[in-house]
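As you go down the protein sequences, you meet chains A and B in turn.
Take the first sequence: its position 37, counting from 1, is numbered 37 in the numbering used here, and each next residue is one higher.
Take the second sequence: its position 969, counting from 1, is numbered 969 in the numbering used here, and each next residue is one higher.
Treat the hints as calculated values from the structure; they're not laboratory data.
Be careful, since some hints might not be right.
[Claimed, not checked] Each computed DSBU-like pair below joins lysine-lysine, with the alpha-carbon atoms no more than 30 Å apart:
hint	chain 1	residue 1	chain 2	residue 2
1	A	K445	B	K560
2	A	K445	B	K344
3	A	K445	B	K540
4	A	K445	B	K914
5	A	K78	A	K67
[Stated by the list, open to error] Have a look at the derived ranges for each label pair, beta carbon to beta carbon:
hint	chain 1	residue 1	chain 2	residue 2	range
6	B	E26	A	S189	30 to 36 Å
7	B	D715	A	T404	40 to 46 Å
8	A	K445	B	T716	53 to 59 Å
9	A	G96	B	R87	37 to 43 Å
From the three backbone atoms N, C-alpha and C, an ideal C-beta is built for every residue, glycine too.
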Amino acid sequence: MFSWHGRLARACDPAGARPPCHMRDGRVMTAIPANLAIDNTSDDPRRRAPLVLGGLDFAGITREVSKVAERPMTLAWKISFVFALSWLGILGLCIGYLFTTGVGVWGNNQPVGWGFPIVNFVFWVGIGHAGTLISAILFLFRQTWRTGINRFAEAMTIFAVICAAMFPGIHVGRPWLAYWLFPIPNQMSYWPQFRSPLLWDVFAVSTYATVSVLFWYVGLVPDLATFRDRSTSKIKQFIYGIFALGWNGSARHWHRYERAYLILAALATPLVLSVHSVVSFDFATSQIPGWHTTIFPPYFVAGAIYGGFAMVLVLAIPARQFFGLKDIITMRHIENMCKIMLGTGLIVGYAYMTEFWTAWYSTNTFEKFTFWNRVFGPYMFGWIIMTFCNVVAPQVLWSKKMRTNLWVVMTCAILANIGMWFERFEIIITSMTRDFLPTSWHVFKPTAIDLLMLAGSFGLFFTLFLLFCRFLPVVAIAEVKTVLPEAHPHTHGPKPSGDERKADFRPDQPVFA
Amino acid sequence: MKTNQPSSARGMEYWRSLEHLADGPEIRELMSKEFPGYDVDELVSGSRRKFLKLMGASMALAGVTLTGCRRWPEEKLHPYSTNPRDRMPGVPVQYATAYEIGGVAQPLLVTSYDGRPIKIDGNPSHPFSWTIQDKLGSADVFSQATILDMYDPQRSRSVVSYAPARAESSWEKFAAFAKSHFAGLKSNGKSLAILSEASSGPSMADMRKRLLEAYPGARWYEYEPITRDNETEGAKLAFGKPVRTVLNLDKAQTVVLLDADPLGMHPAHVKYAADWATGRRTADDGKMSRVYIAEGGFSLTGSNADVRLPVNPARLYAIARAIAGKLGVADIPADEKLSDLETKFVNAAVTDLQASGKDGLVASGGVMPPAGQALVHAINEKLGAVGNTVTLLEDPTAGDVSHGQAISQLATEMAAGQFTTLLILGGNPVYDAPADVSFEAAMAKAPVSIHLAQYENETSQQCKWHLPQAHFLESWGDARAWDGTAGIVQPLIMPLYEGKSAIEVLAMLSRDPITDGHEIVKRTWAGLLDKDGFDLAIRKVIESGLLPGSAFKTADVQVKSQEFPPSAAAAGGYYLRFQPDWHTYDGRFANNGWLQETPDPLTKLVWDNAALVSKKNADALGLTTGTLLRIETAEKYGKHSIEIAAYVMPGQPDGVITLPLGYGRSAAGHIGDDVGINTYAVRTSEGPLLNSGARLSLAPGSYVLVSTQDHYLFDTIGMEGTEKRIGHKNESGMIVREATLTEFKENPRCVHGNGTKRTIGLQLFQEPVKLDNVPDTHAWGMSIDMNSCIGCNACTIACQSENNIPVVGKAQANMHRSMNWIRIDRYFKADDRHAEDPGIEVVYQPMTCQQCENAPCEQVCPVGATVHDTEGINTMVYNRCIGTRYCSNNCPYKVRRFNYLDYQAQDPRQNWAKPYLNIPDQQQLDEVNKIKWMLFNPEVSVRMRGVMEKCTYCVQRIHRTTIAKRAEGTPLMDGDIVTACQQACPTQAIVFGDLNDRNSKVSKLQRNPRAYGVLQEELDTRPRTQYLAKIRNPSSEEVKKEA
């Protein structure tokens, strides 16, 4: 009954040879010997749960993470890559057809001016939320478990934002003029129209993308130096060398790095909240019933975090399996993410209920009709899928047993992504199919191009993600090391032996001496 | 600050002037004055390095924007080296002319732009097309759309000989053939038969006479698939001679229509609609005409009637007899057995007719048998309506033989081998002759057949010779309006192809010394006008488009006393009711994309025809809209059948299937081929408009019918939602408001129902500036009277023509991407929304951009492509628009239209979007047919793909007029500016004007208690367009019951 602590204490130190490390706050941290399946998911406030298992030390972490990129390409990677790349190719062909023909290749119609492209845009922007949340907000709140997952969550953010940013660019009727959305005055000094939320969108998403990329890259620098130093090929050394910016692990470098990271985290934190709020303004400030709702900003942000964490799980669970990172991305990480999913999922469910309450309480005929139509109208299936995936499904995560069952978690995460896509579909499309004048009501039917482009955007996402896995450290090596007990030398535990130290000494290692 | 260094220190120097080179303090001061805020050093230093830097950046930017290296399309200019007199390039000129359809002229005024006719309107000098005398003329959908036919690249271009195989020939070859062939016919004229369309023009009559003189014994037949045979026969029965009836709907208090459609498909419907509206617009003064209709289908007039009874057409005679009996006509006993609904209808109608006396009238349509027609004449005579609400005119154009008989007779004679030569002038008898006549087979017996037609159609393909017919805008002619007023048809352009008019061909064949159309017309008119001053007189006729006083004489006739037999029982089986189609009329407009895409007023179908079935019959047969229906004719007319998609039509009488004609063409052209189903295939010689004894069965499969409204509405949620918006029957809803006349008289504000009245004090954006007291400022506004609107679509086509609106095609229309800037929303209202309700009511609400003051579209456009102008118009800047479609999403009226594809350049018959590999804004230059190109109104941008567009109150017309007035120095008066939709509206339901002018018509209308802004109370959009609520005038019995 009593937590991991008892079991762990026995397991790792049966003979009491190694006394537990005492942290400054009085809690105990213990190094975990190798080859022991440890359950680190329990919470004992007196003891800090280990975040790296498998007895990995500094060198071990470097080795394990670098291995992913250094070993020869596996067949699984090759197949996945070819698969993702072919979908990317299909996306390219679709865009080519779109550009040579017109946006009429989609199913958009008269009442439904925005169809799949904007649904996909909002969906991908939402996915892009978790990364920066993990990297910035959890960093500021000193949630050290973030270190195991932040790197590829951030990568996922950037790739999702790329997918997202593509859609508004190509959805406009004359995409070659999409740059008119940027604040550049034309030859008549005519500026874009600053009252339009679509313009705020451009600012919000581009700022978010910029800060996310910077944040990601700054975090990568020490690890890129590790790769530079470990690689045997001249070309790799050269390329990693360029991007490592001459990192040599000096105290001064570490100092600058920590400052920069902290500042960026502080900058990125409000963006996590702002970007999806601004995206929601596209709808909230317009007057279509079902769009014109003040609840949208928090509702969108909660939904985005819910969907974003789901996507991190969808990527993390297979990744830790295939790349052998189970000791770094532990069950504890997964469980924590499940908890966030459950929490934000509850907010989303609450928001759904609030919408209905407001529709009823407002006595606004159009508003009431829209929500009634959403549930019982022609898009009933969408509403059912959305409600099931976003409200019902996450409820299983109340149970720890379910949270620690990878199949259940994976299913929940996939459902959450489907649900969040349908949420956007419901908001955007059902609201528009039936607005004020019944004569302009019309259903929306996606065309083949719509569906291929949606699939193609996943092709783009996974192509980028697979390339990332292949060429960049999927886990923040330097950061994970900071959560090892050894990274806290002020404790009274035994020092690593001299040999270990020597073997472990590399310029990229953080030195907390 | 830098000093004037020796130039060698900086390398090569570039300078603008010696003073500049010297760089003295004066020049610096001058520079700082000229460019305040700039660093003088920066300005004066013109180093090579800086020059290269700037040039490099410019080149790079030019490359980046992709436009720097654009090769713009080359065009050649052809200026007038000497300007012709009275010709101002770029200033449109208008000419009067006329278009003859079914032997009746539609008087027109055509706008020509630098020699290209681009727009057709009604002739404001002509009583049969003016809505405001000498100011506004209206033309119907067909007349307006003929301009597209004129520029149809598929119109026949040359003489074609079909013997033995199709080969392009020439007029010379045909003339050579005709010379020898027709010489042989001179002696034996009997072997020549001529089949022409109905015509009324004096020149045609003259040429006919001349031809028959040249070939004595030749037979001349007239055939129109849509005829007024029953009316003519009825008049003969009543008066002993053909008489033409003209209704004066403006004078009528009670109008009882027995399957008549004066507002819809009647040849004089423009005038009738205008007159009808005169009797309706007085609702504001508390009186209004009352219209009863009993009909066997659902006509446009039926949808505007106050009391409507759907009946089996077989019952029409019985109803007429019952009415006559009750009114005491010719001792007819009131012994008709009527159903409850019929009795109610007849009693109510009779009560009102008796009260109105000579201000009442009864009229019947082509479905009514001749005896019924005669009975209607008798009723009118009894009421004293003749000479007041009904005018009877002599009809010299009516032949001895009815059209139905003519075609059968000709076919029989041809089949007997009586004719060696058949000359067909216009028309398409192979396609539209009655199914059991087998005209095609009979025609094959004539060794030589010649067909003059605008298209190489089904008939041409069965002939030996096809001759291209000139369009009426290309040829001289003349025609008479419904009342007989003669006018001259003048051309506006030389024939685009090699067409000749019918009179020219007749002149050629009858060896007339005069073969030129203009000369033929002049010769004929020499007999109609005084010899003295003939040139001036004919010029006046040509200019005004009519000869005043040339109308048919009033007929001095009395109904012969006769026995009106009791009505017979209805025949078994289903009745098939044929009607001219709103898209193709009788099939002649099948290749006209505008008409194909203009929704049918009631079904809102586009690009198709369907069998209209009542809800009860549909349930009994187990069919829904889109189910394929197999229709077989009565056996005695042979086995003819078609399979056609059914459309469940509310208000359709049981036992009657309405079949619109004019579809299923096989040789109409690219647009019209294989669209819809040919219903002529089941139309027998039993009657042109009504056949009995048809059998119905379901055919396997279904069919996609495309309508621009009510797609997928038929779930409960949608129905309930709609009901709240449009209101229950006889009640005002949120967007559609109405009241009965009695209610309105008691409380004029009652039309607004219980709608919330609220004013929103707090505004997010600045209030629009009010410029009431500033001279020469305007606030444009519009008023649309739902009480006058009859839903005829004239505005839609007018707008399409004026504003270069493309045709999107059936597949795109099915995706709900029609481009019409003004659409007519049609709402049905019935008890508990049951389609079976016989008293179903219709509301038409023309919907176009409302030009909101608080325009939701303007606030959301990220590039500022839709902006308010100082005169209150919500303008579209097409070349600024990048197509985010946000404006359309936020528009509560959904009146914005988006070019999802390049609809001008795309083929409307193509079901998939064709890629275009060149630069997109060149697509139209490459792809649009150069002949069609000539149709575009040069004052309106032709929009490319990816651009949003919408109604702008015809801003080009506003500016053309205001600029002209300013140049003249005369003030702009109310009514000077007329929008295209307003001009076309026969009932003046649309009024445009200046709201700053308190006395303008539109200001007054917007102060009318019936006025309201759609969604104004809900959304505070402050629309500049206001609607006037509909007023209904239920029967006095109904009113009594209410009281």
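Against the structure, the hints come out as follows:
Of the pairs offered as hints, the one joining K445/A and K560/B is violated, with about 65 Å between alpha carbons and a cut-off of 30 Å exceeded. Straight-line distance between C-alpha atoms of K445/A and K344/B comes to about 48 Å, which puts the hinted pair past the 30 Å bound. Under the criterion of a C-alpha separation no larger than 30 Å, the hint pairing K445/A with K540/B is inconsistent with the structure, at around 59 Å. Under the criterion of a C-alpha separation no larger than 30 Å, the hint pairing K445/A with K914/B is consistent with the structure, at around 20 Å.
Taken as a hint, the K78/A and K67/A pair is honoured in the structure, with Cα atoms around 17 Å apart against an allowance of 30 Å. In this structure the supplied range 30 to 36 Å holds for E26/B paired with S189/A, their Cβ-Cβ distance being about 32 Å. Against the hinted window of 40 to 46 Å, the Cβ-Cβ separation of D715/B and T404/A comes to about 45 Å, which satisfies the hint. At roughly 21 Å, the beta-carbon separation of K445/A and T716/B lies outside the given 53 to 59 Å, and the hint is violated.
Evaluation of the 37 to 43 Å hint for G96/A and R87/B yields a failure: the beta carbon distance comes to about 49 Å.
When each numbered hint is compared with the structure, violations occur for hints 1, 2, 3, 8 and 9.
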